[in-house]
Amino acid sequence: MRFRQCLRASLILAASTLLGQGARAAESIRVPMITPLTGSIAVLGQDSKKAAEIAQETINAAGGIGGRPLTLEIVDTQGRPEIARREMERLTREGRAPVVLACDISAGTSGAAQFAESAQVPLLNGSAVSADILARGYKWYFSHQISSDDEATTAFAYMQTITGAKPLADRRIALLYEDSPRGAGTGERLRKLMDAKGINVVSETTYNRADRNLLPVMRKVQDSTPELVVWIGYTEDVVAGLKAARQLDFKPFVLGIGGGLGDPRLPELVDAAVIDQLRVANVDYFNPDIKRAAAFREAYVKKFASEPSSYAGTCYGAIMTLKVALEAALKTSPDLTPASVRDALRTLDIPGDDTITPFRFIRFDPANGRNLGAEELVAAWVDGKRKVTVFPAGIAVGKPVMLP
3 MRFRQCLRAS LILAASTLLG QGARAAESIR VPMITPLTGS IAVLGQDSKK AAEIAQETIN
63 AAGGIGGRPL TLEIVDTQGR PEIARREMER LTREGRAPVV LACDISAGTS GAAQFAESAQ
123 VPLLNGSAVS ADILARGYKW YFSHQISSDD EATTAFAYMQ TITGAKPLAD RRIALLYEDS
183 PRGAGTGERL RKLMDAKGIN VVSETTYNRA DRNLLPVMRK VQDSTPELVV WIGYTEDVVA
243 GLKAARQLDF KPFVLGIGGG LGDPRLPELV DAAVIDQLRV ANVDYFNPDI KRAAAFREAY
303 VKKFASEPSS YAGTCYGAIM TLKVALEAAL KTSPDLTPAS VRDALRTLDI PGDDTITPFR
363 FIRFDPANGR NLGAEELVAA WVDGKRKVTV FPAGIAVGKP VMLP
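Just so you know, the numbering used here puts 302 at position 300 of the sequence shown, and the rest follows in order with no gaps.
Please note that a few of the clues may not be correct.
What the hints assert, rightly or not - Computed beta-carbon distance windows for the label pairs:
#	residue 1	residue 2	range
1	341	271	11 to 21 Å
2	200	404	44 to 54 Å
3	403	84	19 to 29 Å
To be verified - Calculated lysine to aspartate or glutamate pairs in the DMTMM-like style (CA-CA distance at most 25 Å, straight line):
#	residue 1	residue 2
4	194	225
5	305	75
6	325	78
7	333	309
8	304	225
9	293	273
10	199	229
11	387	197
Worth flagging that the hints you see were computed from the coordinates, not collected in a lab.
We treat Cβ as the ideally placed atom computed from N, Cα and C, and that holds for glycine.
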């Protein structure tokens, strides 16, 4: 009798264990993603949301993560630090998310990273470039994205490439950037780098990204008579500035940095002739013509009938990286926890060819969470209508336009 009771109890336990495993296997893996769906920088969030849809469909069509479907919960931050922090608290304390993805600007990501550190929940950054966040030495922050230091280095290297026979030190170069942590961070780093190399900065002009009348700003830059303007901005302010340059008949070479001057919608928002006259090139995180991005580009164009922006590309790349980390975490335990996901992110080593970005590899620095393999590219506008990757040589599809 006792044997039968023990056998029955064992069978019940085994059955309940199998049922629990089956329920867990069917349970969706929920990952919150914070991004600015509304507000002055909503274009970044809307593009990131589209990328998240493609990523989720791609991952789930291939069997999900450890056999479980992925559900990305999109949360609007408006790009504001106080909202990002509030949402992080809700997601980690009430929602008990084991990890949060940030496809947000630097200001919003900074607020989220601060709370992630105190809550001890990993935050994977897919968009923000501020090196100031990395300088804080957070242990729960992982930046898949390049940093403002990378942007400054790439911009300087490209300027050296296009200067031709006339040395860069003899060129007249102006810096123009919006005054958020993102724009100012890269602008100030580039100026210091140029100062150290003896490069002449004829003017350094800042503006607020919410300002849609940039005529006085562009006139100030024009008065410094630059040959090349290095311009760090978002799509909305870049459009306002390009229209002001046309009004002033101001036609320097322009080297952009970030998503603004590389936005694929730019020819729809500004006369393509203006983009062509300024010989615009852009230091960027992504361009859809690089070989490794072909499958993502095809899926994006099919679903949305438009080219993916750099915002979409970098967010998609971060989601696919997180997929690898979650799969690794599930191998150690069927229950995802902040600690297991953090440990998986710490040990990632993904080859560059397995990404859609120009990265050499994906591996996070244990000291600050920086992606040690992050690199950028430069894409130049052709006829003011399409972008072609022109730098670095290893992934270039076309050739850069040289300064006269």
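Outcome of the hint check:
1. About 45 Å separates the C-beta atoms of residue 341 and residue 271, a value inconsistent with the hinted range of 11 to 21 Å.
2. Residue 200 and residue 404 have their C-beta atoms about 21 Å apart, which leaves the hinted 44 to 54 Å range violated.
3. About 43 Å separates the C-beta atoms of residue 403 and residue 84, a value inconsistent with the hinted range of 19 to 29 Å.
4. Restraint check for residue 194 and residue 225: satisfied, since their Cα atoms lie roughly 22 Å apart, inside the 25 Å limit.
5. Between residue 305 and residue 75 the alpha-carbon distance is near 20 Å, which keeps this suggested pair within the 25 Å criterion.
6. Straight-line distance between C-alpha atoms of residue 325 and residue 78 comes to about 22 Å, which keeps the hinted pair within the 25 Å bound.
7. The hinted pair formed by residue 333 and residue 309 fails the criterion: a straight-line CA distance of about 36 Å is larger than 25 Å.
8. Proximity of residue 304 to residue 225 is assessed by CA-CA distance (about 45 Å); at most 25 Å being required, the pair is judged violated.
9. Restraint check for residue 293 and residue 273: not satisfied, since their Cα atoms lie roughly 29 Å apart, outside the 25 Å limit.
10. A C-alpha spacing of about 18 Å is found between residue 199 and residue 229, which places the hinted pair at or below 25 Å, so the restraint holds.
11. Proposed proximity of residue 387 and residue 197 is contradicted: the alpha carbons are some 34 Å apart, above 25 Å.
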